[in-house]
Amino acid sequence: MTVTAVQPLLQLQKIDTFYGPMQVHFGIDLHVNSGEIVCLLGGNASGKSTTMKVILGLVTPRAGHVIFDGQEITGLATPKVIRRGIGSVPEARRIFANMTVRENLLMGAYKRNDKAEIAQDYERTLTLFPRLKERINQPGGVLSGGEQQMLAIGRALMGRPSLICMDEPTMGLSPLFVDRVLEQIQTINAQGVTIFMVEQNATLALQIAHRGYVLQNGRIVLAGAAQTLLDSPEIQDAYLGDGEA
Amino acid sequence: MPHFLRTFFDQTINGLVIGNIYALTAVGLALIFGVGNLINFAHGSVYMIGAYVGWVCVTQLHMPLVATFGVVAVICGLLGMGIERIGLRRLQNSARIAPLLATIGISFVLDQLVQIIFSPNPQSFPNPLPTTRLQIGGVSIGMTDLLIAAIGIGIGIILFLFLRYTKIGWALRATAQDRDAAQQMGVDVNRVNQAAFALAAILGGIAGMLIGLYFNTVYPTMSFQAGLKGFAANLLGGLGNIPGSIIGGLVLGLVESYGVALFGATYRNLFAFVILIAVLVIRPNGLFSRKRQAPPEPLTGTFIANNKPITLPVWGVIALAVIALLLPFFVGDPYFLQILTNAWLLGMVALSVTLVTGTAGQTSLGQAGFLAIGAYASALLTLRLHWPFELALLAAGLITAILGTLLVLPAFRLRAHYVAIATLGIGEIVNQVILNWNGLTNGVMGLTNLPPPTFLGVVAVLPHQIYWYSLILLLLGALFQWQLLRSPLGRTWRAIREDDIAAQAYGINLNRYKALAFAASAFIAGISGAFTGHMYTYINHETFTNTTSILVLTMVILGGMGNMLGAVVGAVALTVLPELFRGMADYRYLFYGLALIMMIRYRPQGLLGSI
Numbered sequence: 001m002t003v004t005a006v007q008p009l010l011q012l013q014k015i016d017t018f019y020g021p022m023q024v025h026f027g028i029d030l031h032v033n034s035g036e037i038v039c040l041l042g043g044n045a046s047g048k049s050t051t052m053k054v055i056l057g058l059v060t061p062r063a064g065h066v067i068f069d070g071q072e073i074t075g076l077a078t079p080k081v082i083r084r085g086i087g088s089v090p091e092a093r094r095i096f097a098n099m100t101v102r103e104n105l106l107m108g109a110y111k112r113n114d115k116a117e118i119a120q121d122y123e124r125t126l127t128l129f130p131r132l133k134e135r136i137n138q139p140g141g142v143l144s145g146g147e148q149q150m151l152a153i154g155r156a157l158m159g160r161p162s163l164i165c166m167d168e169p170t171m172g173l174s175p176l177f178v179d180r181v182l183e184q185i186q187t188i189n190a191q192g193v194t195i196f197m198v199e200q201n202a203t204l205a206l207q208i209a210h211r212g213y214v215l216q217n218g219r220i221v222l223a224g225a226a227q228t229l230l231d232s233p234e235i236q237d238a239y240l241g242d243g244e245a
Numbered sequence: 001m002p003h004f005l006r007t008f009f010d011q012t013i014n015g016l017v018i019g020n021i022y023a024l025t026a027v028g029l030a031l032i033f034g035v036g037n038l039i040n041f042a043h044g045s046v047y048m049i050g051a052y053v054g055w056v057c058v059t060q061l062h063m064p065l066v067a068t069f070g071v072v073a074v075i076c077g078l079l080g081m082g083i084e085r086i087g088l089r090r091l092q093n094s095a096r097i098a099p100l101l102a103t104i105g106i107s108f109v110l111d112q113l114v115q116i117i118f119s120p121n122p123q124s125f126p127n128p129l130p131t132t133r134l135q136i137g138g139v140s141i142g143m144t145d146l147l148i149a150a151i152g153i154g155i156g157i158i159l160f161l162f163l164r165y166t167k168i169g170w171a172l173r174a175t176a177q178d179r180d181a182a183q184q185m186g187v188d189v190n191r192v193n194q195a196a197f198a199l200a201a202i203l204g205g206i207a208g209m210l211i212g213l214y215f216n217t218v219y220p221t222m223s224f225q226a227g228l229k230g231f232a233a234n235l236l237g238g239l240g241n242i243p244g245s246i247i248g249g250l251v252l253g254l255v256e257s258y259g260v261a262l263f264g265a266t267y268r269n270l271f272a273f274v275i276l277i278a279v280l281v282i283r284p285n286g287l288f289s290r291k292r293q294a295p296p297e298p299l300t301g302t303f304i305a306n307n308k309p310i311t312l313p314v315w316g317v318i319a320l321a322v323i324a325l326l327l328p329f330f331v332g333d334p335y336f337l338q339i340l341t342n343a344w345l346l347g348m349v350a351l352s353v354t355l356v357t358g359t360a361g362q363t364s365l366g367q368a369g370f371l372a373i374g375a376y377a378s379a380l381l382t383l384r385l386h387w388p389f390e391l392a393l394l395a396a397g398l399i400t401a402i403l404g405t406l407l408v409l410p411a412f413r414l415r416a417h418y419v420a421i422a423t424l425g426i427g428e429i430v431n432q433v434i435l436n437w438n439g440l441t442n443g444v445m446g447l448t449n450l451p452p453p454t455f456l457g458v459v460a461v462l463p464h465q466i467y468w469y470s471l472i473l474l475l476l477g478a479l480f481q482w483q484l485l486r487s488p489l490g491r492t493w494r495a496i497r498e499d500d501i502a503a504q505a506y507g508i509n510l511n512r513y514k515a516l517a518f519a520a521s522a523f524i525a526g527i528s529g530a531f532t533g534h535m536y537t538y539i540n541h542e543t544f545t546n547t548t549s550i551l552v553l554t555m556v557i558l559g560g561m562g563n564m565l566g567a568v569v570g571a572v573a574l575t576v577l578p579e580l581f582r583g584m585a586d587y588r589y590l591f592y593g594l595a596l597i598m599m600i601r602y603r604p605q606g607l608l609g610s611i
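Each protein sequence line maps, in turn, to chains G and P.
Under the working numbering, read the first sequence as residues 1 to 245, first letter to last.
Under the working numbering, read the second sequence as residues 1 to 611, first letter to last.
Excised from the complex, chain G in its bound form (with noise of 0.2 Å):
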């Protein structure tokens, strides 16, 4: 066996889902390397939440590995692959609407003990996102869309992970919003955090993507570094056809 020179942080080796007698994913094998953003592009219903919740264990593959960090996490209840070191900022946002700005963010270092840490990286989220330091005391539920989206991230960054993975952080947020987040998340990742995104939208999360996967009725159809991916003519019919971009 050859040895790699850099094993990827990520790994999905064949993962075979299903939901009862429903067939998700076909063999699934993607990775991501440490330092990267990955993003995992898609249209509706074609196994890319999935993905996201087989790698953080909310849903348990029939067949095939999750590998994080050289140790198989596969199958591994959910809190126990946060612990591993992965965040999660979850499709929808998912903040607890009744808890404050402030204990949102240290809900999200609920797995750590060390205090004085979690005390600079509070800090240093409040200066990566100001906005939400001016709300600090209020509940998550009163914040905008975009701020919400803020939280969530800065939520999981609060966790010190060494992979984020994110679930259509771009969703339902203003034009605004969007460049914003999408900056934020290239400001994180030059920090040193890997970021695995789902995304809908592929001419956005391929703009700060590295590299990405193009998924479709629960199979890899397309791998490439993001500006193959861009020039690629299948991705030009699926999602610039009609000249969004």
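For the record, the hints were derived by calculation from the structure and aren't laboratory data.
Treat each hint with caution, since some may be false.
To be verified - Chain G residues, not near chain P, derived (Cβ > 10 Å throughout):
1) G43
2) R62
3) G145
4) G192
5) A223
Stated by the list, open to error - Interface residues of chain G toward chain P, partial, derived using beta-carbon atoms under 7 Å:
6) P90
7) K115
8) I118
Beta carbons: idealized from backbone N, C-alpha and C, even for Gly.
For this one, chain G is given, so just place chain P on it according to the hints.
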């Protein structure tokens, strides 16, 4: 101070003290509902066990009060964790009614165990506190009142600090708000559930112990009322809302206290149930929520597992009926025939439950109310108006159909487990009205000397006569129901069960079909209740209790939801089995409770499968 004013203040203090107990119970239910989305019916049993543990510590072991509270907290806390293990953890992916029913099974088991250990009789719980009473401006306050108030306030403050400033408190709140998101923060929600159950059980146990001190008595059946009142208080404040529950508890205590002062002590339990129904119907989210709709339910009321029901060909069913009809020729033992007669009568009730709960998907925990209405209708018609039994029996069925449907009408806008609670409350209201409407029902005394069943002039008093009579009624009831299920009506009911929103989208008027289901169900149940009353020749408000309702639902689950043959098989099994092992008669409810827990856990589709 004028007399009425003093009475008013006394009743206010009374109400606040009792309200404190309700609040403690309600807060526990709110915690559990918050994190586990579960209405914990075993909570009343924990409360009762808390009272018994306190009683043992104080009267048998002569422990000081402070140490007693510690022992109560530890034992009840462990009990709560056990309930979470059995009642919730394994059933998290089932329909939400499943854990609810499991907790009913657990409460049966716990209540029966206490009865076996300490006897069903009330035990006197002498209060170790000094009997001096404080006089403040003509209002007198006892030491126990002060203790209860202090503990109530103290626990309220501790709970607030716990939820606001501790890590596990944060985890509790986060899980209650969004379970999946909490998991994605690394929160182990199973441990959070366990903590919530432990905490709730500690509060419930302490509440039970305090009520034991307050009324100087403990008894096994205190559990059910306590659980339901705690639930009413919780509902009043908003399910899962902790500060709301405290206020709900105090409001309920005050309403009860003023109500008793105005109407009399027998009305005590009525208020809670009326509040329960009124809140469910008018403000399902409690007094403090602006939302008018109850939280959406992902699944309909009953859990119909994917399964292949065991079907018997028509000739098989006819053969079974013939064997049952011929049985008295071969088995003459009157005791055995009497047991089977009970099975046939309960079988009718099981049919009626499987119709609304299994076929139409409206979980009914109030069927005993229908039995009582039927029994009283027929008893009054024969006793007061001297109608012949046959006519009174039929009329009882019709009266129950009409009255029963009207009573359940307000619950039609509810879904899933809210229907179960509403029907439970409605069944309880029927009993309370019977208890208090002296002019019509003779109140506590009940009705005596009911004429025995007759058929075309022949009096049925011998065991085999009653056996045949009840069996034929069961067969007629089954035939009637079978015809309904084969008709388009049966299909419509099943459509409502599977997806009421889709059914509505096809133009089905939900209320009309729910009414038809309850009317048919109440008709059959009413006839069974009427016949049972005349068979006993005596009825009162306790002849048919919520225990009967739950027992019959257990029969239906045992046989398989919506499965008519299953309902009868379930009725026969749960009536005959405890009798077969004669030693088990005392442990009957232990057996019922275990049967319910096991079925829900291992075979939710029932023995014969649900249809």
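Worksheet entry | Hint numbers contradicted by this structure | Hints 7, 8 not satisfied by this model.
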